[in-house]
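A.B. asks: Take a look at the letters that make up each chain.
2 protein chains.
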Amino acid sequence: MQIKQAPVNPNSGSVTPPDITDVQLIGGFWGTLQDLNREAIIPHALKWVNKLGWVENFDNAASGAPYRHKGREFADSEVYKLIEAMAWDSTRPGGEKHLPVIADLTKRILGAQEPDGYLHTRYGRRFQEPRYFDMTFGHELYCAGHQLQSAVAVARTNANSDYVEIARRLADHVVRMFGVSGHNEICGHACIEMGLVEFYRLTGERKYLEQAAIFVERHGEGSLPLFEFGRAYWQDRVKVRDLDVLEGHAVRALYLASAAVDVAVETQDQDLLNALVLQWDNTIAKRTYITGGMGSHHMDEAFGSDYVLPNDRSYCESCAGVASIMFSWRLLLATGEKKYADLIERTLYNVVATAPSREGTSFFYANTLHQRVAHTEPAFNDEGVVIRGGASGRQEWFEVSCCPPNVSRLLASLGGYVFGTQENSLNIYQYMAGRIETKADQKSVVLQVTTNFPVDGKVSIEALETPPDGITLKLRVPHWLTNQVPIEHLGPESETSGNAVFVPGEDFVELKVSTGDQISFEFELVAKYVRADDRVDASRGCVAVMRGPLVYALESTDLPDAWDLSDVYVSTGAGLITDGMDVKVHLQHVERKKEASVFDAQECHGSSEMQVVSLVPYFDWAERGASTMRVWIPEVLHEVN
Amino acid sequence: MQIKQAPVNPNSGSVTPPDITDVQLIGGFWGTLQDLNREAIIPHALKWVNKLGWVENFDNAASGAPYRHKGREFADSEVYKLIEAMAWDSTRPGGEKHLPVIADLTKRILGAQEPDGYLHTRYGRRFQEPRYFDMTFGHELYCAGHQLQSAVAVARTNANSDYVEIARRLADHVVRMFGVSGHNEICGHACIEMGLVEFYRLTGERKYLEQAAIFVERHGEGSLPLFEFGRAYWQDRVKVRDLDVLEGHAVRALYLASAAVDVAVETQDQDLLNALVLQWDNTIAKRTYITGGMGSHHMDEAFGSDYVLPNDRSYCESCAGVASIMFSWRLLLATGEKKYADLIERTLYNVVATAPSREGTSFFYANTLHQRVAHTEPAFNDEGVVIRGGASGRQEWFEVSCCPPNVSRLLASLGGYVFGTQENSLNIYQYMAGRIETKADQKSVVLQVTTNFPVDGKVSIEALETPPDGITLKLRVPHWLTNQVPIEHLGPESETSGNAVFVPGEDFVELKVSTGDQISFEFELVAKYVRADDRVDASRGCVAVMRGPLVYALESTDLPDAWDLSDVYVSTGAGLITDGMDVKVHLQHVERKKEASVFDAQECHGSSEMQVVSLVPYFDWAERGASTMRVWIPEVLHEVN
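Just so you know, the protein sequences line up as chains A and B, in that order. Going by my numbering, the first sequence opens with residue 23, and the numbers climb by one from there. Going by my numbering, the second sequence opens with residue 23, and the numbers climb by one from there.
Extracted from the complex, chain A is given alone in its bound form:
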């Protein structure tokens, strides 16, 4: 059996993922971001993990001499995530430059691994706290999970075999320690579960799958303490299979849910899979922001109760965006349902693409939907890095710096999420410029996708090569489509199936294509107003603007000087103006009476002239200096005549 080279490679399911090398994203929105990832994000992140001593921790651990561990309990994991990013990126043209870096890091990490396979630079040495001393926040198994995930990436890209051996010893250690007859414990931050399943898929060694299943099943048995944020924080309140909506810390919840899909698929556990499908449905229906962002609480970085989605306190951690895509992609592979691809698209454009700055050297940790104050000074630690993600603006690095490497590893492996194959079809899930080169029935398929999407809606797909009798292409019908879109389908000789049409509300449009076929269509990317379920307090009486998958934002930078963002109302009656990526709305600015108190105030719209003001794509906000911003804009209650 050929080892599949995908980020996620289930042994069964409805859809087979592509190999990482099957898709080369070239130019366009995402190819450009992949280039930024290679040229800016990865070097920037490497600089920081070196500068702060997070790599040096491994050297120190290897030396045997006492040392002061640098960074937080999960510092090791940032190095692993960067290795994963470099491994995936190494498959792109020019990516071989990462290989010596991976080799160097491998040597240093190898030195830090204990003879029995244990690997963590902060615990277990005679001058340190003992191993597994703190299952709640020690993050040892969390780091191990990231090491396994990165080792899978390294293995599947043939980047370094020594690094994979580290993982094997580490995984064996974990199985020995926490197996059926081992310690009946789980880690306070899920991650090991996903790492173990994928390592099983890589190696075929069933003990790793079994260990992952053990960890998944232990969640909800209360082995972790009931602390300030409740057991839900670390998904230890209820068994995964008994839960109907995600709860607690968003990244933890999504990592565990992703792993649980993996376990369900590999063990043919349909009950567990059904529970996860239900959790996804309810989480999207009640606990997700319009951007795809997840996590309503700053305090515990957690999901809120149903409909608790405050905009000015939205957390929407960048990592939760990455983790949400992991969860959705696994469910897509398992079930074939296209709604998961819709959420992936939403999250890619509005969370993942939002996190890094245009330069790739600063990042949002939290992705608020409403910035009330243009600039709040972030809190720096002694090392000059920002302590937490709540501050305004993107930041160079964080004390808790999970997000930049997480975004990086997703960007590097993004090709793996573009299409999938089913028995009789090749399904295009994301419309990204690039080249698809894969096999169908052992026969080559080469497709060239040309698009500026979402700058405009034009997409053309050229079938450069197919098996002699052609292939069935299934094109995803985006959830945001409002009008039918005809597909022009030209064969080498003539029009072959000109009546294929994207129909709003349907899942896919199916085409039979053969070598030389040229398919083209143009999605209408016209901005439209969206209203939220009005059980969400914060968005009641407001509209947001979307254009295709893009959420737009109103930024103070675009307002007339004398206007304050909090005194602005949108006239939905006056219509939206779409001109390519540019979207403009009609706004009314009100003068307010001076109020004695916030709770006594009556509505008091002194009215002013209507003005046409530009919005920015949400992913592009805060790129022009400190600003206030809102995604949900209150509607004018009484039109000015």
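Since the hints were derived computationally from the structure, they do not count as laboratory data. One should not assume that every hint holds.
When chains are identical, the list treats them as one kind, so a pair holds in a single copy or across two.
[As the list claims (entries may be wrong)] 20 Å max Cα-Cα, derived DMTMM-like pairs, lysine to aspartate or glutamate:
no., residue 1, residue 2
1, K92, E250
2, K465, D491
3, K229, E187
4, K261, E243
5, K261, E399
Go by the hints and put chain B onto chain A.
C.D. replies: Showing chain B alone in chain A's frame:
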């Protein structure tokens, strides 16, 4: 000079507070709560501080032998606050039963005081962390502040002179350690400042005032670290006199602001006082809930940015309500402005009265304005007490149990907030049933106030004794008054000033009364809708209901069985029904279509019949079992015909 027996006793200012013994609240809303305080809250709290070893800490410290400190860093302060509550309560008939308890605690606390005056049971002994090791969260000066405040109460009620001596030695120690030539530091939680000023007022020793001023001025110089929540958390970002709105941790901010008023008044620092007046104005205008609750964030228990007042994540710590009253009362005494009394009334009825259960044995720590989930299991620590206040329902006790004793000490001293005197008038600020017995120009004044307010709006005041030429009575015109209210004024012989009238929007109505005069009036207590400033996201498109100072709430308990609180809209067109304390609204319940996602949903009011449903006074919610609740209710957008 006679020592004034008031909780707050400025040496100058616009208004002179009453002695604690000048007001006996008897029956009525607040007299009943004072009885509950004595009979239930104080014994309940004493039981817990004993049970958890927080009193035993003092015995252990006195013993000299090593021991494990029980409770959090601020456990000592809860004992001090209870002593303060008992001291104030000891002035009420039957209150002398507290005196032996105070005497016993005094002995035990005295034993724990170090020879140099230092007093804290968690630090400084050879088996403990050193003194002042952690100025951020050590809470040593915070505890000292509470000890001083409680000692002032003990002194002013002649409850125990030994306890006051403990305070003198402690205050001297603080001055030695942190004076001009001492350590240039402040405590992470303000409190010492208020304690020192009041101790100065008690003793006349100026060094205590000077030390308080030093601490106040040091805030904003950055002696505390920039940590996760920013320096604003502990009011160390900006100098107090340069701030224009309260920020950071609400209780810390309000304690410091209260102390700063005290310092401004005692040092004739008009600039500082002006800054505090501005801070109060802006805080009320932009950062306060309709209940008077303060604090928008769970994470850092802090004020939000302007208009960040989410209802379903409102924090509104009970302690912040108590502290807000401290701040307002000091500004009232300094300026004479009646708006401060309005906020005190609002906060008393909707925060202070809400915190304890009817039985006085459980308490809200946070006072949410929107309970989305009927029951969430609180997080208990190993000792069986709730760790933090975010859980649903009132709880018996908390690991951080600042709130119950804080509410207790305020209730015990509440008489001190009822009236004040100016050169030519006695001003009634709060309409509470009871007896006022004071002096005007060395002559006795005795007034009997009879009222069931806010059950109904009737108030009568009988002048049992006045100086021969009478006194001028100034009656506060409540901010919630909408109609003129005539005053019936009967003298012993005839009607004397029948044309006095409460005029909405005015500050006071003035009357000249003499012995035997009988004054009576009836406020119209009809429920009305209130709309919030619509810069507050969470309340946009909603109304709240108030009746007099009472905020009302819609509780699921009162809904028809099949109705869900989140599917209910209020028809403001259909009017409100007021019948005494009972208030009813017309509600419409909507059926919702099943939505795919919270962000795609369109408004979809399937309509149902209108029903008349009762509201409950907010202070009385959650008394009938687990429920969902909301103060701000969305308005019906399209009336059903």
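A.B. asks: Evaluate each hint against the coordinates.
C.D. replies: Going down the list of hints, with the structure as the test:
1. K92 <-> E250: Answer is between: at 18 Å across copies they meet the 20 Å cutoff, but 27 Å inside does not.
2. K465 <-> D491: within (11 Å within a copy, 112 Å between copies)
3. K229 <-> E187: within (16 Å within a copy, 70 Å between copies)
4. K261 <-> E243: within (7 Å within a copy, 50 Å between copies)
5. K261 <-> E399: This pair counts as between: shortest inter-copy Cα distance 16 Å, intra-copy 41 Å.
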